[in-house]
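Let's have the full structure, built from the sequences with the hints guiding it.
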Amino acid sequence: MTSEMAMILALVLPLVAAGLSFVIRSAPNVRDACSLAVGVALLGVVISLVPTVMDGGRPEIVLFEIFEGLPIAFRLEPLGMLFLLVVATLWVITTCYAIGYMRGHHEVNQSRFFGCFGLAIFASAGAALAGNMLTLFFFYELLTLSTYPLVTHHQNEKAKRGGRIYLGILISTSIAMLLLAVIWTYVIAGTLDFREGGILAGKAEGPMVIVLLALYAFGTGKAALMPFHRWLPAAMVAPTPVSALLHAVAVVKVGVFTVLKVVIYIFGIGFLTDTKASVWLMWAAATTILLGSLVAMTKDNLKERLAYSTVSQLGYIVLGAALASQWGIIGSGMHIAMHAVGKITLFFAAGAIYVAAHKTQVSQLRGIGRSMPFTMTAYSLGAISVIGLPPFGGAWSKWYLALGAAEAGQAILVGVLMVSSLLNIWYLMPITMNAFFVPPDEGPAYPPIKEAPLFCVVPLCLTALGSLALFFCAEPIYRLLLPLVPGAGGGG
Amino acid sequence: MREVKILRVVSAKTLLPFILLFALYVQFHGDFGPGGGFQAGVIFGAGLILHALVFGLNESRRVIPEWVIESAAAVGVLIYGGVGVVAMLKGGKFLEYGVLDAHDRVHGQHTGLILIELGVGVTVSAVMLAIYGALAGRGRLST
Amino acid sequence: MSSLPPGFLLFLGSFLVPLFRGKWRAAYMLALPVMSFLHLMGLPAGFTHELELFDYTLTVARVDSLSMVWGVIFHLAVFLNVIYGLHVKDNVQLVCGPLYGAAAIGAVFAGDLISFFLFWELTSLSSVFLIWASRTQRAFRTGMRYLIFQVGSGVALLAGVIFHVNDTGSIAFDHLGVGTLGTNLIFFAFAIKCAFPLLHMWLKDSYPEATTTGAVWLSAFTTKLAVYALARAFAGTEALIYIGAVMTAFPIFFAVIENDLRRVLSYSLNNQLGFMVVGIGIGTAMSINGTAAHAFCHILYKALLFMSMGAVLHRTGTVKASELGGLYKSMPWTAAFCVIGAMSISAFPLFSGFVSKSLILSAAAENHHIVVWFVLVFASAGVMEHSGIKIPYFAFFGHDSGIRCKEAPPHMLLAMGITAALCILLGVFPETLYAILPYKVEYSAYTSSHVVGQLQLLFFSMLAFAFLMRSGIYPKELRSTNLDFDVVYRRWIPGLFRALAPIGRFLWSTLIDGGKSIVVLVMGAGRTLCSPRGFFGRTAQTRNTVLEVAVILAVLLILYYA
Amino acid sequence: MSEHLAVLPVLLPLLAAPICFLLRNRIAAMGTAIAVCWVTFVAGVVLLRTVVTTGAPAIYELGGWSADVGIVYHVDTLAAFVVVLVSSLGAVVLTFAPQSIAKEIPKEKHHFFAALYLLSMAGLLGIAVTGDLFNVFVFLEISSLSTYALISLGQDRRALTATFRYLILGTVGATFILIGTGLMYQMTGTLNMAEMAAHIRETEGVRTVLVAIAFLTAGIGLKMALFPLHAWLPNAYCYAPSSVTAFVAATSTKVSVYVLIRWIYTIFGTQGPGSMSGVVVDLVLPAMAISGMFIASTVAIFQTNVKRLLAFSSVAQIGYMALGVSLVSESGLTAGIAHLFNHALTKGGLFLAMGCIAYRIGSVQLADMRGLGRRMPVTMFLWVLGGLGLIGVPCTAGFVSKWYLVRAALEQDALYLAVIILLSSLLAVIYVWRVIETAYFQEPPEGKDEVTEAPLSLLIPTAVLIGASIYFGLFTEWSADVAGLAARELLGVVR
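Residue numbers (our numbering), protein chains in the order written: chain A, 2 to 493; chain B, 108 to 250; chain C, 23 to 584; chain D, 1216 to 1710.
Keep in mind the hints are simulated off the structure, nothing from the lab.
Possibly wrong hints are sitting among the right ones.
Pairs of lysine to any residue residues, derived as SDA-like cross-links and limited to a Cα-Cα distance of at most 25 Å, are as follows [what the hints assert, rightly or not]:
(1) A/LYS161 to D/ARG1589
(2) C/LYS342 to C/TRP355
(3) A/LYS277 to A/GLU408
(4) C/LYS111 to A/ARG367
(5) C/LYS342 to C/ARG157
(6) A/LYS161 to C/VAL544
(7) A/LYS161 to D/LEU1581
(8) A/LYS451 to A/PRO240
The following residues of chain A were derived to be distant from chain D, with all beta-carbon distances above 12 Å [unchecked claim]:
(9) VAL24
(10) ALA38
(11) THR53
(12) GLY57
(13) ARG76
(14) HIS107
(15) LYS277
(16) VAL459
Virtual Cβ for every residue (Gly too), placed ideally from N, Cα, C.
In structure tokens, the structure reads:
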């Protein structure tokens, strides 16, 4: 199988899964088995692509031109490879989890759910593989639309309101700003291809670069840079697998992925460093990091707290991009993977708690570690990874992000990253604490073990172990990302 | 109106044939002198409207039923277009009558012109009648 | 096997503890530190273990004379702690204790800053559970504060390392010296864990809230690891001398008025650290030796003291001085071991504290730090005062509280016994200790001037205590929580937040309301103009439209003719 | 036959109209009409292909008379493109019509409907192909008059008043155009557009020409419902029979825009004193377009009748086209022309979907569409796709035209214009989502009969149009690329 074939398969398989889910409505078991099988197949395909990219291969597919000189094109490069890998891996796990959750919760419209789910993965895969900004933009929007039915799955008043904010912010920002930036770039540079070293260098100058970067950064609403973060907590009305998918894998990561891609391949790191056009973005990201954490502290609803934590964590990645330094970029790239695995664990746990105990508020979780030991242990591991403590994957990405900040000469930003870790502890760890070390409010001190369905618990344990494994196996990710920053490597 | 004999006899019965005759004159003289299908159609239609004015719409419709009017309007257009199409089929352009006569282009021209003027005349007179009928029959007849 | 880094066995092994039950667990847990220790001993001198990661060469293990001292004592501490905690059935503590020790050992042998940082953070993470394992609301909050401090130190270290790496490109963990932003931050990180004045609050805040055994674990590793780190990276930094001097002196006052005996111990721990810090600050071979030796001894006698208090807590459920007294009747062995510990910490000749503290004092004297020397001497008296006398006096002697309980469980006694024996052994045969010190020692603690001087000091302070008690001037033991510097973050900062919150809320709501009212205004305008009855929305009259056409025509004509 | 290609698209429906009328049989008439429409469509496609591949306009001299005396059909890329647009929409909508009008129009009028429909289509096609200014007026009247009649067939009583209003305003517009045409004839002595263009250069901007421009602009503004001259449109669209609405909305205003393009670029040119640039193109047109984009969209947001909502949306969309045309650049013109086509597909599809809904629930009120998402899932899904097209979401045709439009604005360094365009398109999100939310998030009204999915004969044409709007959002070879070609031709850029 050639790499090009594999790339096409990677795009087609999620579509197949989506199609199957819509078609096989009447036989849920068959449907879910198919979803799962396709997911595994996708993972296989994606993994088969890794060696090519590692060896410096950049397979390309050009489909057809939409505008003159602007085709729908796919090109596999390290960042996309990493993102694709994350998506494919977590899709399989999330599918397992979703099966358990949706059934455990007797949700309606499961076919539509899984169908849209597949579609969202398709969009993410497309974004990961996109070879130019136009293609990326297409899949970006497709992702927004395909996840809207997921967010509003319950179809009640609350879902409607959440969906409104979700769609309103994502569509508005993308159309009013991102699209503008894309077209502007095209007008300036005459192309939208992702090229090493950027396409804007030497073609744009002065305040225009800053304006353009701002349009990109804020236009990518999915990156949840404040003040365009409100959609993320609003999307919490969705069923939990969706939140997991949205907040760890697909949506938000497409956002920051886009920002990274833009910084690396549209502006070019060197160009941004020279013009200092991204300095303001560092501070915007830093503000998001801190404010996101502060707001998270005040939230009692578990999923909302996690959502704000995500807002803050996305700020890390944007910060890394804005630093436009080699280590910053590597840190950002790593953080996509590390945070994905960590945060998905947290959401899985939140969902499992909801399925098993019907609890949504942090204050209700006292002593729940007794009845749900696996879930809460996994939660703790995920939380530690998100905080960025060793021995969990999050530590490495934080390391490189901070190194990037130091490299860019932004000592205060290093401080911001550090303070944010402390804030993270302050709102994530008490949950662990409460769950394990504080007796429950009601009844006997040792309630019987009542875990969520196996389909829920196994995936979340897997992801928790995954975030642990990522600490020890971060090397390949590093190697994968290294070509993004020519000139890096070799010691510190 | 039924009672006013003078009107009925003088205006209608006496004048009507002449009006129609004049219409036909204008129609067939169209390609030599002033006038043509359009004017002829108007005159012809005006004559028939006069009839309707004098004898009433119902009487008029009895003489010329509605479907005749409607069909006439359509047929006129068809004649016009048909001639053009025939010209096309004979190898000319649309409405290039010259080709209608295989030997003499001028003959062809004549034939074509007379035919299409006929079409125009028929349609115009029919439409005149239809419009009058629609206005006069408002609330009484369904068109 | 021999290529494994030290502590590795212990590290992995501790995760498997929950798999065992009963006797097997005890055996397994005891075997762990022993095996690990044997492995360490089996390693060749100058052993290093390197690892390639991300284009860095990590020196996961580096065995040299300095790290060896700590390696040995940490293993010993783990072993003693395991014995002491044999009664514990809580898996969290059973796993986290050895893990904590292993992390500390790992940190000691780490040869580069990255691995050091990783182990450094690990000690924080594993130790906090020892506090939380008390399972009370109080412990929960304390644990959170503890964790924030520890991770705060971790992130400061991380930031420092990052700046350092960025400046120099080197990740080697050797002498750093203060001066650059990076090393200063690293210094600050060490300072937190070493509980420098004003950064010490976490220590006396958290240790007393830990579980019976947890406190013993905690007393051994975190701060001593920091001392090691300072000795490794900042030996000879002059500021440390003065910092250390202050450290030795100021906790005494708090210790005197404190009611919770484990908190008293925490203060005295802090004060003992001061001696070590001074030793590092002086930075000569002798003083470093002194620091190493003192750390070694300190771990033992401090553990012993915490163990005895733990035993009291275990049996009576309290360690409040105001509620205890006369326990020597019920717990004679414990009382005896406690006194041994107290004498060690007070540096009675023939006890371990004496042989190590003298090294530091002599080093200070030799380097002509006269003022510091006096402070240290005064502090020694203070130590005698609060740890040497106050602890045993209020717990085991003093007025009889009427509590009658059983003697401590055998395994506790065993642990205390071994520790006590070691304290005496080291005091009597200091050469064994001196033999493993990083630098060659040509020093004798037992000179007449040392011994006499020390005894004078001790007896005068005893006298003072007796006098104060008799005259009733000695502060009463009251049920209270003494806040020292932690008032800043436990009272002032929350207070500040409480004060600022309304302002923040006001600003926020103004912003939101302002935004909302603008939106409402725009929506209202839109609705008025564009709703089906609005100006634009209603069905326009034909005449109006014709008028508009006319106007547009007119405008065009005017524009063209203008 | 190929030499007659230019005339066929007009001739076929024009001749078929009386035949349908004569047939009188409902089924026969509709059948014939549908067949003729599709044949016309094929002819149109062949015509477009020919024009594009040969690279030269197809010229047809009616009756063999040359341009100075006779009427010449002059089909360049743009004209052929519009022919395809009108004929394709006409064919699809008419295929939709039989079942739809069965519920909306009395059976005995069906043949009448077919004839009028064909006539209207013939008129629109005639406008596209003719190269004669007066002929434009004639065809405009043919199509307008038949459209009035078509609209008056609506079952709602208000259809008559709407028709009347349309009639009055349409006639005012037509009169203005006639006056303008007359003035132009006076100044140039010819009615042939190409020759007229040549003569205009000699007039050096005489005031008569300027007056002609003023009249023509006002007149065509009315005909294309450029804000604020759109008053006839909402009600006319709202109360006409579903299929008529779809057809008229998709074609008639678009053809008016085409006429405007013709005048600006072919006759008057964009440079020099006698051109339409300066006042009209640089000032009046963009001003009207932009205010229309915002105000009409906002009005659409507040509508309770979905057909009316879509009608106002059309007014706004006309603004985009006018704006594109007024930018006088290749991409601007491309945007305008592409949007003609893309919006025709989208809006046609949406109105057809409304036809499906009206067919089943007998109402197009928003309140009656509650919960429709579950009861007519396919229809509503198609509606959603169409709505996305209106917004201009990627992968829909609307995106392609928006892309060109924004690009054109940016190429002229008019960042503010680009922002305005994008912001106004956000208003579309709101009105589209109002409908979607109503259909999917509200409980169906109680006490009404159970509603089922629309019949296939209605669904398929709807799906074809919506599908096409998606297709042309991805594959632009025959939409935007052709539009670009046409734009280059009009701007005189050598291809």
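Structure-based check of each hint:
{"no.": "1", "hint": "A/LYS161 to D/ARG1589", "result": "16 Å, holds"}
{"no.": "2", "hint": "C/LYS342 to C/TRP355", "result": "20 Å, holds"}
{"no.": "3", "hint": "A/LYS277 to A/GLU408", "result": "14 Å, holds"}
{"no.": "4", "hint": "C/LYS111 to A/ARG367", "result": "22 Å, holds"}
{"no.": "5", "hint": "C/LYS342 to C/ARG157", "result": "19 Å, holds"}
{"no.": "6", "hint": "A/LYS161 to C/VAL544", "result": "23 Å, holds"}
{"no.": "7", "hint": "A/LYS161 to D/LEU1581", "result": "17 Å, holds"}
{"no.": "8", "hint": "A/LYS451 to A/PRO240", "result": "21 Å, holds"}
{"no.": "9", "hint": "VAL24", "result": "15 Å, holds"}
{"no.": "10", "hint": "ALA38", "result": "27 Å, holds"}
{"no.": "11", "hint": "THR53", "result": "28 Å, holds"}
{"no.": "12", "hint": "GLY57", "result": "32 Å, holds"}
{"no.": "13", "hint": "ARG76", "result": "19 Å, holds"}
{"no.": "14", "hint": "HIS107", "result": "19 Å, holds"}
{"no.": "15", "hint": "LYS277", "result": "22 Å, holds"}
{"no.": "16", "hint": "VAL459", "result": "34 Å, holds"}
The structure agrees with every numbered hint stated previously.
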